[in-house]
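Visitor: Sequence:
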Amino acid sequence: MRIALIEAPTHGLTTFRWEDVYFPETPFPICDYLINEQNELRIWDLEKEISTDAQKLVQELQAYQPLVVGINDHQSTQGLVIERLIKQMFPRALVFFSPQQMTPQELLDKANQNAFSLRHRTKPMAGKVRLRRTWEDEELFSMMSEDLQTSAYALEAIFYEKYDLRDWKQYLPDAAYRRNLYMLEILEESLPAHLPFWQQESLRILDVGAGDWIYAPAIYQFFRHAHRPIPRKVFLTGVELDPYRIDDEGYSRVDYALSYIDPIASHCRYLIQDIGDYNPSLPYHVILQFLPLVLEAAHLFWGLPLKYYHPQASLHHLLEILASEGVIVVANEIPPEFERQMQLWQGEGLQPYLEGAFYSRFRKAVAGFLSAIQKNQ
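Counting with our numbering, you get residues 7 to 383 for the letters of the sequence shown.
Rather than coming from a laboratory, the hints here were simulated on the basis of the structure. Every value quoted in this text rests on a predicted model; they were computed, and no experiment measured them. Note that CB positions come from ideal geometry on N, CA and C, so glycine has one too. Among the hints, a few may not be true.
Here are the simulated lysine-lysine pairs, DSS-like style, with alpha carbons at most 27 Å apart [stated by the list, open to error]: (1) K175 - K239; (2) K62 - K93; (3) K381 - K175; (4) K168 - K129; (5) K168 - K313; (6) K239 - K381; (7) K313 - K129.
With beta-carbon atoms standing in for the labels, derived distance ranges [said to hold, decoys possible]: (8) E167 - V101: 52 to 62 Å; (9) P198 - R98: 47 to 57 Å; (10) R98 - Q176: 40 to 50 Å; (11) K370 - R139: 42 to 52 Å; (12) Y359 - E43: 30 to 40 Å; (13) S287 - E43: 30 to 40 Å; (14) A303 - A371: 23 to 33 Å; (15) E152 - H322: 40 to 50 Å; (16) R139 - V87: 29 to 39 Å; (17) K168 - K370: 15 to 25 Å; (18) I340 - T109: 22 to 32 Å; (19) A371 - A163: 12 to 22 Å.
Work out the full structure: start from the sequences and follow the hints.
Guide: Printed below as a string of C-alpha cells:
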C-alpha cells in the first residue's frame, strides 16, 4: 500500500482554487488493499517549510496516489483543511487524523490493521493455480554466467537423483523449481545426519510463515529421502498468518500454497492462524522458519499489525511444541535480521549448533544467514 503522512503547518496555507484540483470519479478498487507487496511510506513535513504551497502538495499527492493518509494537525486548523482536501481527492482512501502527533509507526499499524481485517473478511481465493512445466532444461539456469551454469547443472543433477525430483521437475514452473533447489541447499546445510531426530521412522515437520509455500515440495522430498536408503513417512504442516494477499492475476497466497502441495496433499496441511495460537496434539521433530519478520520495521512494512509482533514469545512457544531433541532452523536474509535472531536465541538461553552466513553452491555467493538449535542439547 502507498501510505502518506502529512505534518500540517501551523502557519497558513497559500491560497488555491478548489476547481483546480482533480477529484477522481472512480474509487480505488478493493484489491489495492489486498495486493502482495510491501508498504510504501512518504512523509510531507509542511511544518518545516517557511510557506506551504497547497497546489504543489496537491500535485505531489496526485502523483503518489496514496491509499492511506495520516494527518498530524499540531492543534491548528490547517490539518482540517488538508483532511477535507484529501477526502475529496481520494474518496476511498483511509484517512487518520491526529490533533497532535501520530508517529510513522502508529500510522503504519493503523493502516495494517484495516487492510489485514479486510483481507480476512473478504478471504479472496481464485482457486487452484494451473501449474505446469513450460521450460526446457537449458533454460533453468540461463540467467547465470556460463561458469556458474556448469556447476549449477551438476548440483541440480545430484539433487534430482538424491531427492527423487523427477515428478516435481515436470510439475513446477522453472522459477518454482529453482526455489526448491535453493531450499534443498539450506536444508542440507542445516540438518546433518548425526542429529538424533533422524532415527525416527516418521517425521512431523512444521513450517512457520509458509506464505505461498512455493518451497514445500523441497521440504517434503528432503525429509523423506535424506540420510536414509528407504523413504520415510513425512507429515508436513504450514502455518501462515496472512494468506489472503493476492498477486496481479488475483491469486492469493493460499491459492498458490494449495496448488504447490496438491501432489502430496494427503501428507500436508496449510493452517491459517497466528503461530502463538497453534497448539498441536503432538510435538514436531523439526520446525522451520524462512525469512521470519523479526524486525519491527519489516513487520510493519510487510503489512502486519503490531499486535502480531511478538518474536520472543513466538520462539518460546515453538520450543514448547518442539519434541525432545528436536531442531529449529531459521534462515534470515540480511545481517540486522540475523543479529536480532541471535538475540532471540539468547533470550531463551540457547546456543545454536549452527550460526553464520550461508554460502550457496548454486549462486557461488553468500545467500543469507542460518542458525539452528537442538532442544535439550
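Visitor: Each hint should be assessed against the structure and marked as holding or not.
Guide: Structure-based check of all given hints:
no.	hint	verdict
1	K175 - K239	holds (21 Å)
2	K62 - K93	holds (17 Å)
3	K381 - K175	violated (35 Å)
4	K168 - K129	violated (39 Å)
5	K168 - K313	violated (43 Å)
6	K239 - K381	holds (22 Å)
7	K313 - K129	holds (20 Å)
8	E167 - V101: 52 to 62 Å	holds (58 Å)
9	P198 - R98: 47 to 57 Å	holds (54 Å)
10	R98 - Q176: 40 to 50 Å	holds (44 Å)
11	K370 - R139: 42 to 52 Å	violated (26 Å)
12	Y359 - E43: 30 to 40 Å	holds (36 Å)
13	S287 - E43: 30 to 40 Å	holds (37 Å)
14	A303 - A371: 23 to 33 Å	holds (25 Å)
15	E152 - H322: 40 to 50 Å	holds (48 Å)
16	R139 - V87: 29 to 39 Å	violated (58 Å)
17	K168 - K370: 15 to 25 Å	holds (20 Å)
18	I340 - T109: 22 to 32 Å	holds (24 Å)
19	A371 - A163: 12 to 22 Å	holds (21 Å)
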